[in-house]
Amino acid sequence: MTVADKPITTDIYGQPVEPKPGDNYINHSKGILSWALTLDHKRIGLMYLVAVLTAFALGGFFAIFLRTMLLFSKYSNVKNPEAVGGMFGDSIGAAAWNDFYNQAFTLHGAIMVFMFIIPAIPAVLGNFALPLQLGAKDVAFPRLNLMSFYCWLGGSALLAMILFGGMLTALGFDMPAALNGLDTGWTFYTPYSVETKTGVVLATLGAFILGFSSILTGLNFIATIHMLKPKGMGWFNMPLFLWASYATSVIQILATPVLAITLLLLVAENLIGIGVFDPKLGGDPVLFQHFFWFYSHPAVYIMILPGLGVVSEIISTFSRKHVFGYKFIAYSSVAIALFGFIVWGHHMFTSGQSAMLNAIFSLLTMSVAIPSAIKVFNWLATMYHGKIRVETPMLYGMGFIWLFTIGGLTGLFLAALSTDIYFHDTYFVVAHFHYVMVGSTLFAFLGGMYYWFPKMFGRMCNERWGRIGWALCFVGFNATFFIQFIAGTQGMPRRYATYGDDYAIYHHLSTGGSYILTIGLFVVLFNWLLAKRGKRAPANPWGGNQLEWHTNSPPPHLNFDYDPVGTDPYHFHDWKYDEKIDGYVLDPDHDPSNPTHSSAH
Amino acid sequence: MSDHDHDHDHPDYLAHHFDTPDQQFEAGKLGMWLFLVTEVLMFGGLFCLYALWRYNQPEVFVYAHGFLDWKLGATNTAILLASSFTMALAVRASQLGQKGVLVGMLAITLLGGFGFLGIKYVEYTSKFSHHLGPGKQNLYYPHALSQLPQGDLQGEPVLDDNDNPVMITRGMQLDEIAFVEFEVLALGHGYAPERPQATFDQYREAGVFGRLHGHHFEDAMELFSDLGVDVSGVVAAHAAHGGDGHGHGDSHGNEDAHTEEGDGHADEESHTEDEAHGESHAAVAHAEHDPAYDYNAELARVPVAGESASASKVTPPPFAGTQLVSDFAHDADEAHAPTVLETLGAPDLSHSGHYLPYAMQPEAVQRRVHLFFQIYYCATGLHAIHVIIGMGCITWVLAKSMAGAFTPEYNVPVDIVGLYWHIVDLIWIFLFPLLYLIH
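As they're listed, the protein sequences go chains A and B.
The first sequence begins at 742 in my numbering and counts up one residue at a time.
The second sequence begins at 4 in my numbering and counts up one residue at a time.
This is chain A alone, in the form it adopts within the complex (with noise of 0.2 Å):
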């Protein structure tokens, strides 16, 4: 802690760099419309932070809100249909309950997949560290990546507009059905999005313009990583979370635009009545299914690629020890984002398509298996006989690997026929998609968080309280969750404001652990938060030989102060351990990312 009281931070070669202002990019230049008219890609991801921070705690509030709403749902639906039990005694009629219930996980599922997951890990971590990556100065197209910002802005709005009216209709205004809140789920099926009186065609309107906003920035990443890469970086000395960002924006490219038109068709269908998924008008609703899983099954790769790719970098860097079976990762992304495409048909078992596309279907989502599984042991490989530093990014790196793998396994009785039928919209459901979404992406991007905070703001966050953080997320997530497979397999359906007395226990621990979880997330935000006044951070606190260490923390306005050159970014003995600023630093004199090699110090 002496270091921390002297206002110095160090250089990639250890030596103490003063701070002047103007010499990082967070006090390049002042005042609000500096930061928000920047083409600065790391302010982008900053301002990203915050907005899908805000995202998370709104779509948190309604997780909590309706895993307390099942808490106090103690009646039994089937022998007393009117009554409701708990804390709110007689007060509110079963009907306002189950309504308040529908929207709640409406906007719960709503916010947190399209403002949040789809561009957290892409838009915050992606866009701080896919040009430190590449030793770029930005990405290829800084205003477009402005415009996604404000897309993402705008997306948002809408729905926040739908959400704060269902909140007021909740306290007796009366709002126009337009901005009624929204009670469809997040997958809008037809055709009850056609009849319901909620504000389907502004949310819809909301995820068409975050829609944009994930086109964008996919595109600026794949003319990115094939454009500005440095000299002496090729396909396969790519840092992993490039791979694994490059096929995300490959899905973000070719999916999204279908969800838009989707989306633009229930518009139509809402405000018209085009009746193309009507079938009293001669439409089909399935054909919303299709089209709707066509963008959205890929959509959850998008969500879980890039922490895929974070994975990677924290592992391997962690565990000093070169990535095991690179190319086996690198392909296994694309492969991932390939096989994608194929396997929508696999939410539509019970859809009534046809028996001969459910067994082809169940076929080709088992292969998604492959691809992760390779992932999987690869890490595994890579841990062992390392060097395993366990610090507060490898906690969630590995924390990461058993919740993917418990979520990847779960995720096979899903995909074979005869057992999905049986969980089909059940709890079990549930459980395993939160445990990729949640245990995996999220774990994803508090480890890649955690892992990038140094560069990011320069400080170090507290170890003691990243490990407490860590714990408490990871023990109530698998006490929110893990109960929820045993509620599943017990018959316990999704989406039902109620149960009766045999689901009571499953329920009430999954709300305490919910609880759990949501204290631990708190203490990772005040860690971050703290750590404001925390130790400053050295150059190269981990080790990593990605290039975004090869540059001081927080990076210079323009990233480096020369042209850096690509190296293994998986080669980590040239780094040495300094045990004075409690970071890693190279021999001025050999260090192969810089050309000029120079020591100005």
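What the hints contain is simulated information worked out from the structure, not anything from laboratory work.
Careful: at least some of the hints might be erroneous.
As the list claims (entries may be wrong) - Only pairs whose alpha carbons sit at most 20 Å apart, straight line, appear in this in silico SDA-like list of lysine to any residue:
#, chain 1, residue 1, chain 2, residue 2
1, A, Lys-1021, B, Leu-55
2, B, Lys-32, A, Leu-885
3, A, Lys-970, B, Gln-27
4, A, Lys-1021, B, Gly-236
5, B, Lys-32, B, Lys-403
6, A, Lys-1021, A, Tyr-933
7, A, Lys-972, B, Thr-23
8, B, Lys-403, A, Arg-884
9, A, Lys-970, A, Lys-1068
10, A, Lys-1021, B, Asp-25
11, B, Lys-32, A, Arg-884
12, A, Lys-972, B, Leu-440
13, A, Lys-938, A, Asp-915
14, A, Lys-1321, A, Ile-1246
15, A, Lys-1021, B, Gly-138
16, A, Lys-1021, B, Ala-367
17, A, Lys-1021, B, Asp-22
18, A, Lys-972, B, Asp-22
19, A, Lys-1128, A, Lys-1021
20, A, Lys-970, B, Thr-23
21, B, Lys-102, B, Glu-366
22, A, Lys-972, B, His-19
23, A, Lys-972, B, Leu-55
24, A, Lys-970, B, Lys-32
25, A, Lys-972, A, Tyr-1303
26, B, Lys-32, A, His-967
27, A, Lys-970, B, Ala-406
28, A, Lys-972, B, Glu-366
29, A, Lys-970, B, Leu-55
30, A, Lys-972, B, Gly-138
31, A, Lys-972, B, Phe-28
32, A, Lys-970, B, Gln-26
33, A, Lys-771, A, Lys-1273
34, A, Lys-938, A, Leu-899
35, A, Lys-970, B, Glu-29
36, A, Lys-970, B, Phe-28
37, A, Lys-970, B, Asp-25
38, B, Lys-123, B, Thr-80
Treat the numbers as computed from the prediction; the structure is a model and nothing was measured.
Please arrange chain B on chain A, whose structure you already have, making use of the hints.
Below, chain B without anything else, positioned relative to chain A:
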């Protein structure tokens, strides 16, 4: 941009994060191509919808595409192709640094966009005037109309003796369809109706001939007599009623005649209400058809005096001013009467110069005809939005090129706007045959 002040070998147009103009140019083009991929996939959803619908009900597409005017579509195709060519010339001119040619070519391209939209406007307007709009506005939208009160020209609901609104019946909707169908397909686009005698009878009973005016009546009679139908009864009845104010011998009949009671009653004697509708639609409208409905009385009652001579070939009542709203839940499972098809056999799709009248289409087809128009409006509407965006981009490039912003070294914007314009063109090249040229 102060960002690249430090780097004096950077030209102004080169962004700070690129090393060379080539790299910037390539990045811009790559980005644009990726964006075009998203455009293709977005329209791909619509093409997928189209393929599915057309595969499931080819008869609908064969029948309904006749309402589109392929000549206008072909003209638009030619205009877009030509504008794509001038756009390519503009890109070439920008690479060669020929400012004058660049500005000229961009201006011509922009004009092409205006021409395209102008023709689109003509097409859309004529369809709207026939109630062939998108969504529930479409005449073929099943049961949309029968839920609605009749409106007069001022949009006020028509009331019965007890001041209750008079509802539009399915029979009235079918009559209107018969009229629009005959007017557009046969008289407008020159298709011959299949099964002339049955078609003639159906049209007569639907009151189609009575609503034709001017030379259209003679054209219709000529058409059917050429097909071997005996039209003398209708002609005689028409002449008898026409004698009230004007003769149909006047080749371009006085438009004012529509306001007169006599017009439209040509076939009255063969058209007493209960029998007429009962037969013409078989029992199609058995549940919805109001036996008390008097079509000709309806024509007579609702004033059309304010109508300008050229405003519409369709006599507005009983649809004028009516908001089409439907209750989806209603009568979804309602049993529908057997159609004329069952007595006449399957439709013959082998020759394209003919159309099978709507009333003779199978019920499954009847319920889906509007889907063709929905896809038509979704696809061409979305395309038109792209045309407008493209024109905006061209205007921007035009302004910049007039200011002399483009040189042989720097012309990325012209190139990528050109790419965008080409994809807009290309999508139309697919839309045109798929929508206009169905056989």
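Taking the hints in turn, this is what the structure says about them:
no.: 1; hint: A:Lys-1021 - B:Leu-55; in the structure: holds, 17 Å
no.: 2; hint: B:Lys-32 - A:Leu-885; in the structure: holds, 14 Å
no.: 3; hint: A:Lys-970 - B:Gln-27; in the structure: holds, 13 Å
no.: 4; hint: A:Lys-1021 - B:Gly-236; in the structure: violated, 41 Å
no.: 5; hint: B:Lys-32 - B:Lys-403; in the structure: holds, 19 Å
no.: 6; hint: A:Lys-1021 - A:Tyr-933; in the structure: holds, 14 Å
no.: 7; hint: A:Lys-972 - B:Thr-23; in the structure: holds, 14 Å
no.: 8; hint: B:Lys-403 - A:Arg-884; in the structure: holds, 18 Å
no.: 9; hint: A:Lys-970 - A:Lys-1068; in the structure: holds, 18 Å
no.: 10; hint: A:Lys-1021 - B:Asp-25; in the structure: violated, 56 Å
no.: 11; hint: B:Lys-32 - A:Arg-884; in the structure: holds, 16 Å
no.: 12; hint: A:Lys-972 - B:Leu-440; in the structure: violated, 54 Å
no.: 13; hint: A:Lys-938 - A:Asp-915; in the structure: holds, 13 Å
no.: 14; hint: A:Lys-1321 - A:Ile-1246; in the structure: violated, 53 Å
no.: 15; hint: A:Lys-1021 - B:Gly-138; in the structure: holds, 14 Å
no.: 16; hint: A:Lys-1021 - B:Ala-367; in the structure: holds, 11 Å
no.: 17; hint: A:Lys-1021 - B:Asp-22; in the structure: violated, 60 Å
no.: 18; hint: A:Lys-972 - B:Asp-22; in the structure: holds, 12 Å
no.: 19; hint: A:Lys-1128 - A:Lys-1021; in the structure: violated, 65 Å
no.: 20; hint: A:Lys-970 - B:Thr-23; in the structure: holds, 13 Å
no.: 21; hint: B:Lys-102 - B:Glu-366; in the structure: violated, 61 Å
no.: 22; hint: A:Lys-972 - B:His-19; in the structure: holds, 17 Å
no.: 23; hint: A:Lys-972 - B:Leu-55; in the structure: violated, 49 Å
no.: 24; hint: A:Lys-970 - B:Lys-32; in the structure: holds, 17 Å
no.: 25; hint: A:Lys-972 - A:Tyr-1303; in the structure: holds, 12 Å
no.: 26; hint: B:Lys-32 - A:His-967; in the structure: holds, 12 Å
no.: 27; hint: A:Lys-970 - B:Ala-406; in the structure: violated, 35 Å
no.: 28; hint: A:Lys-972 - B:Glu-366; in the structure: violated, 68 Å
no.: 29; hint: A:Lys-970 - B:Leu-55; in the structure: violated, 43 Å
no.: 30; hint: A:Lys-972 - B:Gly-138; in the structure: violated, 56 Å
no.: 31; hint: A:Lys-972 - B:Phe-28; in the structure: holds, 19 Å
no.: 32; hint: A:Lys-970 - B:Gln-26; in the structure: holds, 11 Å
no.: 33; hint: A:Lys-771 - A:Lys-1273; in the structure: holds, 18 Å
no.: 34; hint: A:Lys-938 - A:Leu-899; in the structure: holds, 17 Å
no.: 35; hint: A:Lys-970 - B:Glu-29; in the structure: holds, 13 Å
no.: 36; hint: A:Lys-970 - B:Phe-28; in the structure: holds, 16 Å
no.: 37; hint: A:Lys-970 - B:Asp-25; in the structure: holds, 15 Å
no.: 38; hint: B:Lys-123 - B:Thr-80; in the structure: holds, 11 Å
Checked against the numbered hints above, the structure breaks hints 4, 10, 12, 14, 17, 19, 21, 23, 27, 28, 29, 30 and satisfies the rest.
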